[in-house]
Amino acid sequence: MNNVSIPKVILILFIVDYIESITAPILIQAFINIPLTFLVFSFVVYRANSNPGSIFAFFIGLYVDIISDSPIGLNAMLFCTMSHLINSYSNTFRLFSYFQICLFFSASSLFFIGFKNLFINIENFSYLELITSFIFNSFLLITLSISRFNFLRNISRR
Amino acid sequence: MSRVAPTRGSKTLSFLLISFSALLLYLDTTYKSFEGIKNTYKSFEISTSYVLKKLAIDPILYIYEISSYKAYLIKENKELRLALDESHLANFIISKDSNFFANDQLIEAFIIKNGLDDIFHLAKIKFFDTQLYFCCSQHRVFIEIFNKPSIEFIGSPVINSSGILGQIIHNNNFLEVLLLTDESHVIPVESENYFCNAEGNGTTGKIYCTYSTLLWPEEIKQGQKFFSSGMGGVYPRGLLIGTVGEIKKIDESIIRFEIDLITDPLQENILGVLENL
Numbered sequence: 026m027n028n029v030s031i032p033k034v035i036l037i038l039f040i041v042d043y044i045e046s047i048t049a050p051i052l053i054q055a056f057i058n059i060p061l062t063f064l065v066f067s068f069v070v071y072r073a074n075s076n077p078g079s080i081f082a083f084f085i086g087l088y089v090d091i092i093s094d095s096p097i098g099l100n101a102m103l104f105c106t107m108s109h110l111i112n113s114y115s116n117t118f119r120l121f122s123y124f125q126i127c128l129f130f131s132a133s134s135l136f137f138i139g140f141k142n143l144f145i146n147i148e149n150f151s152y153l154e155l156i157t158s159f160i161f162n163s164f165l166l167i168t169l170s171i172s173r174f175n176f177l178r179n180i181s182r183r
Numbered sequence: 004m005s006r007v008a009p010t011r012g013s014k015t016l017s018f019l020l021i022s023f024s025a026l027l028l029y030l031d032t033t034y035k036s037f038e039g040i041k042n043t044y045k046s047f048e049i050s051t052s053y054v055l056k057k058l059a060i061d062p063i064l065y066i067y068e069i070s071s072y073k074a075y076l077i078k079e080n081k082e083l084r085l086a087l088d089e090s091h092l093a094n095f096i097i098s099k100d101s102n103f104f105a106n107d108q109l110i111e112a113f114i115i116k117n118g119l120d121d122i123f124h125l126a127k128i129k130f131f132d133t134q135l136y137f138c139c140s141q142h143r144v145f146i147e148i149f150n151k152p153s154i155e156f157i158g159s160p161v162i163n164s165s166g167i168l169g170q171i172i173h174n175n176n177f178l179e180v181l182l183l184t185d186e187s188h189v190i191p192v193e194s195e196n197y198f199c200n201a202e203g204n205g206t207t208g209k210i211y212c213t214y215s216t217l218l219w220p221e222e223i224k225q226g227q228k229f230f231s232s233g234m235g236g237v238y239p240r241g242l243l244i245g246t247v248g249e250i251k252k253i254d255e256s257i258i259r260f261e262i263d264l265i266t267d268p269l270q271e272n273i274l275g276v277l278e279n280l
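Protein chains in written order, with my numbering: chain A, 26 to 183; chain B, 4 to 280.
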């Protein structure tokens, strides 16, 4: 996958944030929290051919802060951290299986949810939500990676 | 294609940006420093969605409404026509041009039958808002006396061939009759040795009495006849008002029952006005 241009990233994140704003109130009733914007941003950084800069992550984070009505700096900080982590381990990821990478991103999303809840939802901080979200996100990412793998295999057979 | 591991410079930049983000976060959570930016974005979002809705969704809805409007109009037209027919039917009975029910002999027969020696004057219904009568609690009829004597009729009882309809309360161009069922009307009634003030509450054909079983222990029965008691000096005594309908127990000692009136103001358009007692 090539680098995604900045306007595309902005547009994709806007749409994803809108979808998240619709799905989140429904899923939270089952103690599930899927940080879609964070996962999509992580995926963009993960699949980039070259290391996206920290400034890119910072401004995208600020943008997400504004559109998602989060405290300014929260997503910027987490996006910078995630971007740095992915850049640091970009070559190491090649040694891991898809399953392990999925677990890594699930754990990252778990950290993201926990950290975000500390700032914006401390009164209702729930470990149950964290555990449920971790399991569900892992399952979701694994399912997506398997389906993608099968999809590519079917194409190569043709 | 492999990616280059972060250099010392990029690591430092990342650290600085993370620290700066933390500072922004601190400022926002503690001092709400960026509320202006957020509010600007929200107002932009609201105005954009409003404009988009106006430009994109509303025209589609408008087209849909136009397409369904014709069917709606046809349906509404049918309903209105039905309502108009019903209204015509109701108004025919009291129409000033209709003499179908005009029969002064019936009223005279009623007077003789009930032994009333009062002088009565024939009157004609000039206006009766039947819609108000059926829907609401204000039940009034406007009448005009044929021979127009120079007598004060305010307070005079108005009857038809079945019995008492109400009393005259105003005398302007026409005489305004307050019907028994009007919410502000009260008529003293009696049955055997029991007396009560029966009140209208806007229900057509019914007036209501409330009494305490501590004061009147005898049981009220459905179908029991009630007559005007003559108390109050407005209505003559002994005219049949109606029969007891539904009986309700309000609490341990209070009973409320309805009296089904024998008179119907829609029955005739020629009425009798008794001179004041």
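Just so you know, the hints here were simulated from the structure itself, not pulled from any lab data.
Don't take each hint at face value.
[Said to hold, decoys possible] With a straight-line cut-off of 30 Å between C-alpha atoms, the simulated DSS-like cross-links for lysine-lysine are: (1) B:LYS45 x A:LYS33; (2) B:LYS56 x A:LYS33; (3) B:LYS41 x A:LYS141; (4) A:LYS141 x B:LYS116.
Keep in mind it's a predicted model, so treat the numbers as computed, not measured.
When the structure is checked against the list of hints, which entries are broken? Sort them ascending.
4
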